[in-house]
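Novice: Protein chains in written order, with our numbering: chain A, 465 to 859; chain B, 58 to 183.
Heads up, some of the hints might be wrong.
[Stated by the list, open to error] Listed below are the simulated SDA-like cross-link pairs for lysine to any residue, each with C-alpha atoms no more than 25 Å apart in a straight line: (1) Lys720(A) - Gly125(B); (2) Lys720(A) - Asp124(B); (3) Lys71(B) - Lys615(A); (4) Lys831(A) - Phe94(B); (5) Lys615(A) - Thr67(B); (6) Lys831(A) - Glu129(B); (7) Lys831(A) - Val96(B); (8) Lys831(A) - Asp74(B); (9) Lys831(A) - Ser97(B); (10) Lys831(A) - Lys87(B); (11) Lys831(A) - Tyr99(B); (12) Lys71(B) - Gly761(A); (13) Lys798(A) - Ser97(B); (14) Lys87(B) - Lys615(A); (15) Lys798(A) - Ala69(B); (16) Lys831(A) - Ala69(B); (17) Lys831(A) - Thr67(B); (18) Lys71(B) - Thr859(A); (19) Lys539(A) - Ser97(B); (20) Lys720(A) - Lys87(B); (21) Lys831(A) - Leu72(B); (22) Lys831(A) - Ser106(B); (23) Lys71(B) - Leu823(A); (24) Lys720(A) - Thr95(B); (25) Lys71(B) - Arg726(A); (26) Lys798(A) - Glu123(B); (27) Lys615(A) - Ala824(A).
If you're looking for bench data, these hints aren't it; they were derived computationally from the structure.
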Amino acid sequence: MSDHSGISRRSLLVGSGAAGVAGASIGYFGKKSSAVQSMTEVAKIGFYGVHQSGIENTPGLISNFVAFDLIDPTKANLQSVLRLFTDDAARLTQGKPALADGAPELAVNPANLTMTLGVGPSLFTRVPRLPSKPEFFNEIPAFPNDQLDPKWSGSDFIIQFCCDDSLTLSHAVGMIAKDLSTLAQVRWIQTGARSDKPAFSGTTSVRNLMGQVEGSDNPLPGNPIFNSLVWINEGPQWAKDGTILILRRIQMLMDKWEILDRSAQEMVIGRRLDNGAALGNKVENEPVNFEATDTLGLPLISANAHIRLAHGASLSERIYRRPYNYDNGIVDGKRDLGLIFAAFTSNPVTSYLPIQGRLAQSDSLNKWITAIGSSTYLILPGCTENSYIGETLFT
Amino acid sequence: MSLPKTVEITFATKLMDIGTGIVVLDPSRKNIVSGPFTVSEYSLSAPISDSKILGTYEVTYRVVSEDGHPVEGRFNFYLGQSSAPTASPDRVTEKSGRTWPNIFLPLAVVLALGIAFIFRRYRNIK
């Protein structure tokens, strides 16, 4: 390990020392026990592809959303960031140490690590001579009731890390922060977690910290509807096959929520808590009948129920949700927890904005949740082994 | 002889606008609620369309009190005279969750006042 230290990460990537040290890395790896190797073989997710990983695949159990700002916002620096990121991510996600990795043992278990990079709208005003961004890609405006804190909002770019192992995750974040340290500084980090069990048997949805089933009626990764809802297919060519991430930090006011009767909690959402079925339905993903009434003739899903307002007015008005829970413990005597709402869409103007517009205005859930952070990023297209993430910005 | 323009129900406890619903059936069993309901601090009100049909009108509602308990109820009033033998103006049926004893008694009393209020308005208009 000592022969890795003291070598500049950047000089390795671009300089002549790369081959020798990469060789040393491989040599080191050859000594691993077979048990460890079989572990690394099963739990990894490919890095290269048309799209970046970390969106279609099953979310890792824990996540870090790490927001960066360029220190000196030049095109060359951005390009260096993207090259360094690509090289690190291509290795770390496959259970290989990064170049000049100071702790290569921490990289050997990829644990389904994904690293996904997106650029913020601010980048296009701060960095000269970048191609123009899609017109549908802008900072999401604050909605009524939002109490947005700059410490959770916006940055030049973001890296979403998802993983099943905290050691691996910590190492990957630390490695990237170190490698980018001369080019970019971390503005904020949001750490999240998901349950390792589905909300109930037979679903891919999980529970949030209010106990609600998260993920009902989500578009299914890989199918044509998902592809058109999520992957960008209009606007400038460089963004094609990317997607737009809406990232909101939503604080839950648990003390007030917990006084509600269970049936009242279900009315707020319009779904049952146990199996996520819409009120009036038997199972989670049945089409919702918004006209259903109870035996007294009253609507089962009220006018301001969350699912009624979140329901798209058209087929294109849908988003792919991939959220994480956060729990920051007790702050100033109050529980500080909520949802890192992460959603992906090919066009927020025709999907997220109308949905959230309705929710912000009338959703009965608003009494128990407050958005305290809001950001949006364009997740760049994927790349091949011979290129790097974001290369399309420079061609 | 005509109906009031709104039905308003007043409760003993403050309300939250969760799961709220109100249906007002005329004697032909047609829902005559004509627009969005309003939940204010203690009351639920809904506009109703004018109906000339004489007979019993049935009001069914669901509200959630500020302490988080849903309550459903039903009562009747009539225009001209009752067309339903079992209907009486102060008859209230409650269907609520596990906590109804906590809320039912005070609510029922005030609800009756609410109905009286409706009737007073109705008589005033008449």
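Novice: Taken at face value, is the distance from the CA of Ala69(B) to the CA of Lys831(A) at most 25 Å?
Specialist: 22 Å, holds
Novice: Quick one, are Lys831(A) and Thr67(B) close enough, alpha carbons at most 25 Å?
Specialist: 22 Å, holds
Novice: Taken at face value, is the distance from the CA of Lys87(B) to the CA of Lys720(A) at most 25 Å?
Specialist: 38 Å, violated
Novice: Are Lys615(A) and Thr67(B) close enough, with their CA atoms no more than 25 Å apart?
Specialist: With Cα atoms ~45 Å apart, Lys615(A) and Thr67(B) exceed 25 Å; violated.
Novice: Given the hinted pair Lys831(A) and Glu129(B), is their Cα-Cα distance within 25 Å?
Specialist: Given that 25 Å is the threshold and the Cα spacing comes to 22 Å, the pair holds.
Novice: Hey, Lys831(A) versus Ser106(B), does the alpha-carbon distance stay inside 25 Å?
Specialist: Roughly 32 Å separates the two Cα atoms, so the pair is violated.
Novice: Sort out whether Asp74(B) lies within 25 Å of Lys831(A), counting only the CA atoms.
Specialist: 10 Å, holds
Novice: Taken at face value, is the distance from the CA of Ala69(B) to the CA of Lys798(A) at most 25 Å?
Specialist: 31 Å, violated
Novice: Is the straight-line distance between the alpha-carbon of Lys720(A) and that of Asp124(B) 25 Å or less?
Specialist: Holds: Lys720(A) and Asp124(B) sit about 9 Å apart, inside 25 Å.
Novice: Is it true that the CA of Lys71(B) sits at most 25 Å from the CA of Thr859(A)?
Specialist: 63 Å, violated
Novice: Would the pair Lys798(A) and Glu123(B) pass a check requiring their Cα atoms to be no farther apart than 25 Å?
Specialist: 21 Å, holds
Novice: Are the Cα atoms of Lys615(A) and Ala824(A) separated by 25 Å or less?
Specialist: Holds: Lys615(A) and Ala824(A) sit about 22 Å apart, inside 25 Å.
Violated hints, listed in ascending order, are 3, 5, 10, 13, 14, 15, 18, 19, 20 and 22; each of the other numbered hints is respected by the structure.
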